[in-house]
Structures are given as C-alpha cells and as structure tokens.
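S.K.: Going down the list, the sequences are from chains R and E.
In terms of my numbering, the first sequence is residues 1 to 400.
In terms of my numbering, the second sequence is residues 1 to 322.
The set of hints was computed from the structure by calculation and includes no laboratory data.
Warning: the hint list may mix true and false statements.
If you want the ones that stay clear, here's a sample from chain E, every Cβ over 10 Å from chain R, calculated [unchecked claim]: (1) L68; (2) R97; (3) V208; (4) D213; (5) V272.
Restraint ranges, calculated between C-beta atoms of paired labels, are given here [as the list claims (entries may be wrong)]: (6) V74(E) - G259(R): 23 to 29 Å; (7) G389(R) - L175(E): 38 to 44 Å; (8) G259(R) - L131(E): 37 to 43 Å; (9) L131(E) - K195(R): 33 to 39 Å; (10) V295(E) - S312(R): 52 to 58 Å; (11) G259(R) - D185(E): 32 to 38 Å; (12) G259(R) - S109(E): 50 to 56 Å; (13) F159(E) - K307(R): 53 to 59 Å; (14) G259(R) - L175(E): 20 to 26 Å.
Glycine is no exception: its CB is placed at the ideal position from the N, C-alpha and C atoms.
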Amino acid sequence: MRPKTARLGGVLAAGVALTLGLAACGDGGTEATPAEGGSSAAAPGTIKLGFMGDLTGANAGIVIPPRNGAKLVINEYNKTNPAVKIELVEYDSQADPSKAVALAQQAIKTDKIVGLIGPAFSGESAQVAPVLEEAKLPSVSASATNAALSANGWKYWHRVLPSDNVQGPGIGDFIATGLAAKHVFVIDDKSEYGKPLADAVKSALEAKSVKLTTDSLDPTESDFSSVVNKVAAAKPDAIFFGGYYAAGGNLLKQLRDKGVKDAKFLSGDGSLDKGLIDGAGAANAEGALVGCPCYIATPDVTDAKVKAFADSYKAAYSADPAIYAAEGYDAATVFVEAIKAGNTTAEKINEFIATVDFAGVSKQVKFEANGEVSAKDIYIYQVKDGAIGLLGKANEAKLG
Amino acid sequence: MLNDFINQFWPATIDGLAFGSIYALIALGYTMVYGVLRLINFAHSEVFMIGTFGAMLVPFVFGINSPLTGIALVGVVVAMILAGMLASAGTAIALERIAYRPLRKRGASRLAALISAIGASIFLQELFALLVIPEVFNRPEQGRIQMALPRLMERSELFSIFGHPVRIDQIFVILAAIGMMIALDALVNRSKIGRGIRATAQNPEAAVLMGVDINRIVRMTFLIGGGMAGVAGALYLISYENTHYFVGFLFGIKAFTAAVLGGIGNLRGALVGGITLGLVENYGAIFFGSDWKHVISFTILVLVLMFRPTGILGESLQQARA
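Isolated chain E, as found in the complex:
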C-alpha cells in the first residue's frame, strides 16, 4: 500500500495539480458571485459547459483535425481560450440579466434565486442537448452523446520527475491557470473595478452611497467569473479532448466544493481549495481505489469545515485588502 503510494506519488501530483487548476478556475466564479451577492450561482456549471463548446467551435469552424505546431498551434489555442471566455462570459451576463436581476430588483428571497439558478441550469443543458449541439455542431440526434475534439497538441514529454514523464499539455494547463489567477488577483486588488467589487462585497448600501454603480459591479463580477470558467472550459477541452451537454454537472459540484474548502468568497481560497481537492482526490484514490474519489473529497471537506468552519483561508472577499 505504502509502496503503491511511493510509486504513484509523482504522477498523481502532476495530474492532481492539472485537474485542480481547472477546479480552481471554475471555483472563482462561485466565490466571486457569492462574495458580492451572497448567492450560490448553481447555473455556473453550465457557464463552464458552454465555455467548452465555445472553445470547440474554433477547431470545428476551421475544420482542424490534425495536430498543429508553432504559430498555428499558439494561434488556435489562444483563439480557443478567447472563444471559451466569450461564450462563458456572455452566458454569465445573460444569466444575471434574465435569471437573477429581475428577482433582485423585486427583493425576492435568496431561495427564489437559487431555484432560478437550478432552472436556468436545466434549461441550458437541454438547450444544448436538443438544439445547439445538433444544429450548430451538425450532429443530428447526437445531442446527448459526447463530442470529441481532434488532437491539436502533440503530447510530447517535456521532462520527467524521478522517472515519471510530465507532458507538455499538463504543464500548459497548470501554468495557464496560475497565470489567470495572478491576473485576476491583481485586477481585484489593484484596479478601480476591483475596488468596486470589494466595496460591494463589504457593504452594498455603503458602496451605493459612495457612488458605486452596483448593477455595473454585479455585471462585472459575472463577466469576470464567467470568463474564468471559459478559460477552464478551453483548458479542459484541450487536455481531455471531449465534452458533452452534462459535463458541467460534476465539475460544478467539485468546483463549488473547492470554493467552500478554500473559504467561500475568497479568491485565493478558490485556488487553494481547487488544488487541494485535485491532489487529495488523486492521493486518496491510490489508497482506496478510484471509485472512492468522491467519498474522499467530501470527507476531507467535512473534516476541514469541522475545524475551520470558514474554510482553509477563511478570510472572505470583503475583508481582503490590497
């Protein structure tokens, strides 16, 4: 058993970091919206799903079906990330506009917004299964069947850690995710928009009195959170090369878990929570078998919350200082 752990430690670490980075990017959306609105945006899982399909659109439209190199590869990958961000951010803003703002304006309870979120989530899944995937991606009657992405990036070995190969796509996912995190952290802590977001999170009434346009801030929050989910969608698609209308479900739950684990409302907490979850799942699977992955991650969540009810980092968005 211990021998297994030693043998599989390094590959499990690399995989856990790569997968955890994707969790973390999605978790940002949950945590930001929660920080500002005290709302769990359960439709965020579909924002991620739509990001994967947005990214899929690029190779689909250009009819790319063989691995690329050099400038072409960089161009396509960047285009996929941008397309994913655009699709996800657009969805997130539309969600805010259609599913949440009307409720917020009328002072509806948070429970109503939660139901609205679940409804929007089902609506978007079925919309993709019944209409978008068959029509846009030209797959009649295959809306519920997973769609594969042709290989774009050759999976060459970059280097190895103690004899365990590390592939270029894994490093790319980890670096891209961490890069996005740093950029976002700077945005929230240094820019004017970021100050508005922090002010709204801290005290919405006072923020309005200070001249913060709260609707604009909420919109920006959804936009940024959605954009991060879009990056996650593109990175997921590039590394796992498939997607389907239901892909957001499990990711949504795991990313939400990561957000709570790290401390919901806390941006750095989302990163810590995502990576921790990714690693713990993979380490746990070595000991108990891969089918126990979910049990392990939720057990860890319960244990952490028992001793640190506010999550690992605890501190939330409103108290974060630049």
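So that you can see chain R by itself, here it is in the shape it has in the complex:
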C-alpha cells in the first residue's frame, strides 16, 4: 500500500511540477523583458538591478510586499533625476530553485544586472548564491532566514534580517521572560523550517529550566485532535507551534474548540499571515502571538522615518506595508546608496556594501563579514481585533 501511494504521490508531484514548469516557462519570456523599451541593453545612464522571488505562486503573498518596498525606493531615487538611473528587472522564480538558477544565469548574461534583491526564500537562495558568487554579483535578500546560508563563506551574499538561529532563542526568551510561562508545549510540523525553529525555541526554554512537553504533526492533515488531546491533558501555560500559517490556523482553532483557552498560542514568521486568523477564526485567533525577525510598520507607528515609509507605501499600493515590505525597502536602499556613491559595477557595489552603515526602515543596516546583518532584533506581533499588530521587540515586549 505504501509504495502504491508513494507512487501516486510521485505521479501527482510530477504533474504539478510539469504544470508549474510550463506556466513558469510561459512567464519567463515576458518577465525577462524590461518594463520599458524592451531592449536588453541598458540605456546610457541606466543600470539594472534584479528582484527575484515567488511573484505568482502559492507564497506570493510574502514576496510581493518586499518587491513593492524595493520598487518604492527605486522610484523615489529615479525621481530625483540622478546621473545614473536604476531599472528594476523582476524574476519570478515561483520559489523553484532550478527555475531560480536559470533566471539568475539570464540576469547575469543577458540582462547584465549589477545587483540582485533576493532570492526571497532559503531554498532558492542556497542554489542561486553559488552562481552569483562565481559571477561576482552582489545580492541582498529581504526574507531568506535559513541559518545555514551564511556558513558557506560567500563574499557576495547578504541578507537584511537575522536568521532562524536568532529567531528561535528570541521567541524562547520572550516565552520564558515576557510571558513568564512555567510549562510550554512545543509542536513542530517536521518541515525544514518548522523543526529547527521549534528545536531552537526548545533549547532556549530548557536553558531557562521551563518544563517542556512536545509533539509533532503532519501539516497536510486536517485533524489534529491527537495533538490537541495531548495539549489538553498537559495543561501548559503556553503553546509554541513551529510551522506555517495554514496548519497553524487549524491547530489553533481545534485547540480553542477543545477548551484549551488560557494557554497562550505562539508561532514564528511562517505563521505571520492573515491566513492564521482566517484559518482559526477571528475569535479563536484573538491574542495569538507571532514572532518574526521582520519589522512591519503598523499604522500607529510614531518613528518619523518609518511613518514616512508607511505613508508613501500606502500611497503607492493603497495597502499598509505587509510582511518584509520594510526589509525589501532596506535591501534596495543598500544598492541605491552604493550607486549614489558613484559605484556602478558589481565589484565596486559589493565593496561598498561591506562598508554600509545607515538607518534603514526596519533597522540599522550594517553587514558582518559573512553577509549577516548586525542588528539581531526579533519582534513579537499579536492578533488584536482580527488584525496582526506589533507588540514590541522580543526582549522587551510585555502583554498589555
């Protein structure tokens, strides 16, 4: 039975991959064509930057905001009539690493970009970074958080937000200190993202001698009652779920329906999406806490720089800045600063990136030698009245 189902799964996967591949090929032709003109050679006085990520697939919801953020900076810069204008070329990788590599080749050889914002996700980043390294082309990702990426000795790779190695302990400390939880139930979805994150939270809690109970779930299932019954029997003060919002929302609903009402529900950046609230229902999601290495400007923000960003973002896209929008803005700003300083070749820009140190929207932007950003802040968000709002930095946040 198992092999038969596995084979069926394989057939399905192949079918899906084929469909995606075809769709992606269809897009590739138009995507590569620059928005204005259509010639691949840059007009005199114009240089090209790339943006790569899943712009049309299942996860586009967390890639479009950083793309919008990046566009915003570049438009602002071009409006000042500089000697060298910037053109942003979009590469829709659909989060498929092999497609991303092909697009990177195209960006290097045909479009001759001088820098890449992205790739958006960790999987594609791992494949694309070596290609960019060989071409000596700098990249700054606004959303790839896998911890292992910075351990490859890459000289041209950067990211503008801290890794999962920072996120897990940050959330763990918040649970132990901010929430003062004595007994925590940690659940993971066994994915490449969810398990390491849950493990990092576990070790942070263990270090503070918080009592732990654990279980794992299969996110493709709809019924999490066995997990829920364990939580109900354990009666923890807080529950942490390492996984994505689709399963997170269902889990949260089933927990609250089973009468697990007092335990705080927490999750990581994979659950920082309105889908968490839609899945759980507004009443069940109320009060849920989500940690993220990202900074989302909420409408009530007071900082002048962030407010200016939020206002112009809203004016341009008639929506509040969503996840990674500020990081996308900062990643593009890195390149704009480099070009402003008169660096127009990839090599020069990369040298400049090593020295940048400016106040971005999301944080002070300054890179370490391995490409990691120096600022290590983790933020905690809370669901309030059916919307996700910022509670504060993980090491300072307190429940109101």
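Chain E: place on chain R using the hints.
M.R.: For chain E alone, coordinates are given in the frame of chain R:
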C-alpha cells in the same frame, strides 16, 4: 505513558469515532465500486473533494458568515449535505461515463482503468485549483490556498464523559454517518436496485442473463458511492471548517485503507474499517506521538491482512445476503 493513555482515552475515542465515520463514508464508495467492477476508483478521493466544495457553495451563495440557530441552522446543514451529495454523485457519474465506461466497453484491462482513474484524479484537482476555486468562489490566484468556512454551528458542550467534554458537532457527525450507513445497508439488502447490485457483484454474466441492466447498475453504484462521499464532504466541512483542492489525497488513501481493513467489497466492513482506523490512529498517537499516526495505521493494516487476508469482516458484497 499508561497514565497519558488513561487521561486521553475518552477524548481520543470521541475524536476517533467522528473522524472514523468520515473515513467510513468515503470507504463505501471504494468498496461498492470494487464489489461491482473489481476496480479501485482512485479518483474517488476527488469525488470527496468536490463534495466539500459543493457543500461550501451553500453558505457562500447565501453569504452566511455568522453562527446560526434553530430552523435556519437545520436548513443550512441539510442544504449543505444535499449540495455535497449532488456535487459528488454528479462527479462520480461523470467519471464513470467519461473515464471508465468507454474503457469497459472496449474490454480494456483493469490496469488501463486504474491509469484512467489517476489521470482523472489529477485533472479534477488541477481543474479546481486553476479554474473552479478562482472563478466560482471568486478567489483569484488563491486556487491552491485553503478556503475557510465561517462558523455555522456553535460548538457547545453537549455532555461530558468522565470530565471530558463532548461537543454537539462531534455527536452530529457520528450520528449522521451511522444514519447514512443504516439507510445504505437497507437499500442494498432490501430494494430492487440493491438486489441488482448484489447480483452484478456476484456474477455479472448471470446477472445480465437474468435481465439486470448492468450499465444502469454500475451507474447506480457510482451514484450511491458518490453520494456517500458527498455526505462525508459536507460533514468534514462542518466539523473542520476548511477545505482545499488537495484535501482528497490523504482522505482517499485512508478511506481506501479502511475499505481494505474492513474487507474490500463489504459494506459493513467499510464502517468497521473506518471506525477502527480512526480509533487506532488516535490511540497510537497517544503512545508514539502524533507524527507516527500514519505508520501506526499502516502497521495495523499489514498485521490484520497477515492474519485475515480478506480484512476484518472478510465476506464481500457478492456473498452478502439480505
């Protein structure tokens, strides 16, 4: 460990019964089609998926987004079950007509029908992801993202067993499923159609000689099996309040497992298999962790088949007597 089991025994039992009932309803479709045609209808998982969306259509069309009570609640739930049945039964009949009958007429091998079933399954999934969900449910570019149903039935506690609350929606699912089973059992064992189905299952050639319209019987088999999957789809939607284009995959495998576990071709076996699977999964998860659920259920399946190769009840549709 044993302490955990004692603590979680009752909630696990209730959840296992509710989920197992849904498995059982889907398993009926596998078992009936197998009994009559000796064909594993792998596209049956998509019949279930379409049932969930058929049921979803009712609150969607009427724009219901807050819990209902009284007559309105009963009306909407009944309408959802009927819509689910209609969507699923229609799909099942169309499948039989388009994907199986042409092959059967030309005397194609069972393997060809199996491939046809897998092809139809992928086709239906992609049709929903690319066209139906974006267009009909007005969710452009969200065809692959799960769709939530607003809460229709308040989840009030009905009673409690040894301090463990039992909710009204759980009892509703179990009772509705068992009710459908009893009705189906009576239909197959008492009615003329049922006699035709049993005759065809027993010996198709002899049934034709006795004047049974075999195409009609096959169509009825798909219709009834599809209708049961539609009920399962509506009950699933009401209790889990979400669905997506891929929801049938895991359910299809589990329900097929339940059918084999109970004895494929045997209607009561589907009920026994479904409930057993639901319970075993939940009990096993208490000991080994929830991520071991699938391992446990398939281990049980292998063990049962080692000692009872024809499944728990064994006896198949053709030998069943009224």
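S.K.: With reference to the structure, classify each hint as holding or not holding.
M.R.: Results of checking the hints against the structure:
A cut-off of 10 Å between C-beta atoms confirms that L68(E) is not in contact with chain R; the least separation is 15 Å. For R97(E), the non-interface assignment is confirmed: its Cβ lies about 23 Å from the closest Cβ of chain R, beyond the 10 Å cut-off. The Cβ of V208(E) lies farther than 10 Å from every Cβ of chain R, with a closest approach of about 32 Å, so its non-interface assignment holds. With 10 Å as the threshold on Cβ separation, the claim that D213(E) sits away from chain R holds: the shortest Cβ distance comes to roughly 33 Å.
The non-interface label for V272(E) is consistent with chain R: the shortest C-beta to C-beta separation is roughly 18 Å, beyond 10 Å. In this structure the supplied range 23 to 29 Å holds for V74(E) paired with G259(R), their Cβ-Cβ distance being about 26 Å. A hinted range of 38 to 44 Å for the beta carbons of G389(R) and L175(E) is consistent with their spacing of about 42 Å. At about 40 Å, the CB distance of G259(R) to L131(E) agrees with the hint of 37 to 43 Å.
Range check, L131(E) to K195(R): about 35 Å between beta-carbon atoms, so the 33 to 39 Å window is met. Between V295(E) and S312(R) the beta carbon distance is about 53 Å. The supplied range of 52 to 58 Å therefore holds. With their beta carbons about 36 Å apart, G259(R) and D185(E) fall inside the hinted range of 32 to 38 Å. With their beta carbons about 54 Å apart, G259(R) and S109(E) fall inside the hinted range of 50 to 56 Å.
At roughly 55 Å, the beta-carbon separation of F159(E) and K307(R) lies within the given 53 to 59 Å, and the hint holds. About 22 Å separates the C-beta atoms of G259(R) and L175(E), a value consistent with the hinted range of 20 to 26 Å.
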